[in-house]
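So the chains spell out like this:
There are 2 protein chains.
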Amino acid sequence: MLKSTPLTTPLGIVLFGHGSRDPLWHLPMQAVAQRIRARDSSVLVQCAYLELTQPDLAEATRSLVAAGAQRITVVPVFLGLGKHAREDLPALVSALRLEYPGLAFTLQCAVGEDPRMIDQLAHIALS
Amino acid sequence: MLKSTPLTTPLGIVLFGHGSRDPLWHLPMQAVAQRIRARDSSVLVQCAYLELTQPDLAEATRSLVAAGAQRITVVPVFLGLGKHAREDLPALVSALRLEYPGLAFTLQCAVGEDPRMIDQLAHIALS
Numbered sequence: 001m002l003k004s005t006p007l008t009t010p011l012g013i014v015l016f017g018h019g020s021r022d023p024l025w026h027l028p029m030q031a032v033a034q035r036i037r038a039r040d041s042s043v044l045v046q047c048a049y050l051e052l053t054q055p056d057l058a059e060a061t062r063s064l065v066a067a068g069a070q071r072i073t074v075v076p077v078f079l080g081l082g083k084h085a086r087e088d089l090p091a092l093v094s095a096l097r098l099e100y101p102g103l104a105f106t107l108q109c110a111v112g113e114d115p116r117m118i119d120q121l122a123h124i125a126l127s
Numbered sequence: 001m002l003k004s005t006p007l008t009t010p011l012g013i014v015l016f017g018h019g020s021r022d023p024l025w026h027l028p029m030q031a032v033a034q035r036i037r038a039r040d041s042s043v044l045v046q047c048a049y050l051e052l053t054q055p056d057l058a059e060a061t062r063s064l065v066a067a068g069a070q071r072i073t074v075v076p077v078f079l080g081l082g083k084h085a086r087e088d089l090p091a092l093v094s095a096l097r098l099e100y101p102g103l104a105f106t107l108q109c110a111v112g113e114d115p116r117m118i119d120q121l122a123h124i125a126l127s
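Chains as they are written, first to last, in my numbering: chain A, 1 to 127; chain B, 1 to 127.
No false leads were mixed into what you were given.
One side of the interface only, derived from the structure: several residues of chain B facing chain A at Cβ under 8 Å:
#: 1; residue: Leu27
#: 2; residue: Arg39
#: 3; residue: Val75
#: 4; residue: Gly112
#: 5; residue: Asp119
#: 6; residue: Leu126
Hints are computed from structural coordinates only; laboratory data are not their basis. C-beta atoms are modelled at their ideal positions from N, C-alpha and C, and glycine is treated no differently.
So here's chain A without its partners, still in its complex pose:
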């Protein structure tokens, strides 16, 4: 499906994190969403959460589709590669692929798996 969806179609990004009852917990993810919008104003961005916080992934997807997104990239904002990133999130994305057959979903690897993130964390620790 991805191959048939041109990269020029409107992109929605979901930053997907665990969620927390603590409002301050959310600030970094909200800051990342703002930074993405500042870097590329054509990209639609939503934060979404596994639990304890709204919206969930389905609600964020609905919102992005309503805003015009024709492809969705889901970014797992997890540093640790636990069950949430390895099992729960892929299952949620699989369900959405069935629900939206015309929408191209890309599920990125968890940010903690990305070599650029490992490098950045090492750089920060040494600074």
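Start from chain A and add chain B according to the hints.
Frame of chain A, contents of chain B only:
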């Protein structure tokens, strides 16, 4: 205390995360520790955890001091700024400052607060 401790004295870095029963959860933090050692072999590095995983911060500190560290930088590996990063960890570091009056502790801000991390996450999401 920090001002009286020359920056040439042996440095120990503690990467401090939440902890998990899941062994795979730990891989990114261990990868960061390896990357730090690769970038500067003079730096002593330990991972430590708030719960569910050993060692805790006190044990990691003991180990670094036994290995020769005279100053310790604690890096809170939390993307969300919840109670763990804002309250639990500073309390643990305060206790260690009392226990090791000759040791200079630096508690970095949580990695999720660092603008370089926000930039990196935005970059990864857009890539």
